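Chain by chain, the residues:
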Amino acid sequence: MRAPDLALVAVLALLAAAFPFLVNAYWLHVMIIAMMFAIMAASWSLLAGHAGQFSFGHMGFVSVGGYTAGLLAHFLGLPLPLGMLAGVLAAALVGCIIGWTCLRMSGPYLAIFTMAFSEVLRITIVTEVEVTGGAGGMSVPQLFHARTDLPYYYLILALLVVSVGGMMLVVASRWGLFFRAIRENEQAAAAAGVKVTRFRILAFAIASSLAGLAGTFYAPYIGILTPDIGSQDQMGLVVAMAIVGGMESLPGAVAGAISVEFLIQALRSYGQWRLVLFGALLLFTMRFARNGLLAPAWLRLRSLAAPRAAALAKEAVR
Amino acid sequence: MLDYILIQAANGLVIGVMFALIATGLTIIFSILKIVNFAHGEIYMMGGYFGYYVITLLGVPPFPAVLVAMAITFLFSIGLERGLLTPLYSPRIERKADYGILITFGLSVFLRNIAIILFGPFPLRPPSFIEGSLAVFGGLMISYDRLVAAGGGLLLLVALIWFLNRTVWGQALNAVSQSRESASIVGINSERMYMLAFGVGGALAGGAGALIAPIYSLSPSMGLVPDTQAFVIVILGGLGSVSGTIIAALLLGISQNLFIALLPDPSRGPSYANAFGLFIMMLVLLFRPTGIFGRHAVAMD
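Residue numbers (my numbering), protein chains in the order written: chain A, 1 to 318; chain B, 1001 to 1301.
The set of hints was computed from the structure by calculation and includes no laboratory data.
Being a predicted model, the structure only gives us computed values, none of them experimental.
Don't take each hint at face value.
What the hints assert, rightly or not - Chain B is nowhere near these chain A residues, computed Cβ spacing over 12 Å in every case:
1) L15
2) L169
3) P251
4) G279
5) R300
To be verified - Label pairs and their in silico Cβ distance ranges:
6) L15/A x S1190/B: 31 to 37 Å
7) G1059/B x L22/A: 58 to 64 Å
8) R1288/B x G134/A: 32 to 38 Å
Heads up, the beta-carbon is just placed ideally off N, CA and C, and yes, glycines get one too.
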């Protein structure tokens, strides 16, 4: 890591640690939600951007995580941290199964299959009212008995740093190289000795367990879990966040999630229009700036500040 | 009980015709542009609203209003294609299938949410084509609107098959779907064919929306279910095959309604009906990705 990067990380860390004391309770809540979405968007961007598997079932895994934790707490009285662990494991397991079943699919087939998976799951949750509470939702016990959201903030901050940091390590490692090789050409990757089956399933398992992690956090934080979290509109929001940030950039996805969520909240007096806005943002970015808005803007900014470093960074991104 | 099953089968046939309209549109778009249009259900929804406003604001009678709605949807779809899909044809873009998935997925989110603003979140219902119901099977009724929808849908399908097989435009479309290069060698402007295919596909969905509006009311989220159902049908019928799509649509419409009729807990029927189709599709994708009629797999670009 270069010196300017270290300085940047230090400033960001300080800012993140001090954030709750700089804003009021409402914006703290927005930030917590935004960071939860950041985990979803970054893990989706690992799966779609790096591994090239366009899953529209990502929110299904969020539901798997959330409902596993919620149901275990509700019916078995399992302590919530254990339930959350079980939720992450359940999402990873289902992710392995889905990743394995769609090994032979690519492109739109995979997108449709995963969309069907998440819709079947959502419909089942809505219909089985006795177990899940249906569309009205099920209540989930609180994780912390504090009067502020402070413990939740630091918990989600830690989860975000660990999961995105972990994914960035994966992306920079040989595994990340294998993911991108499979994305570009599966046969060529196999011919070069990449174990395609193993790494396709691995990408799915990593991404879905992190989606599940976000779900297990969401359930006790909000206190009520509804099937809406698994809807295609939420999926669209996460896709918009990842794409605005820049498909293949994990920090970009985090920045995209935080900026889109803050934008949506800042515009909440416009009611329904803000939902149109993120759809339009997604369309605009895809149509005119396929590399995203934030990651390229960041590179541009750096090239203005230090031309040589940025040229190197650009090489690294390639 | 038998009567009930028969009436469900008849309803299923009507729905099947509607599915066929939506799904053939999806298939035509796929076979020409080589993209799966994730916003197809939303174009169906827009078609329904176009029909509604043509009737209520312009005072056009319900029957011609369907054709007007189709014409508007045709132009609307071409506008979308020009605005959003042209990068698909440029050689500079890598991974075109991914672009197609994301841009149409974004479009579906956009259209669904803007429809809530433009048309309001509450269901709207245009006037009936013909009031009343026809008594069949002794005492059981089928509303005239359902008959009109099925008949109109069948007419449109026949017209479509005539258009695809007997007209120069249809044959040009067929040529482009088989090979873009060869088609351009014999002088077919493939870019114009992309416009035509997206427009025709949209118009079919729009026609279905306008025909079905008096039976089920219009709502901004009405496209979600038919969208996924259309994927089911298109994959059952084999991506890119129009006749396979029509057969698969009728099969799915009927079997889905029979599934509702035979489910032991009827209160869950309607909600599981959609899951039923999706589940069938997941099985087909797993075990017979070329569709039930075994058409050779269409290569994806």
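Quiz item: Of the hints stated earlier, which fail here?
Solution: 4, 6
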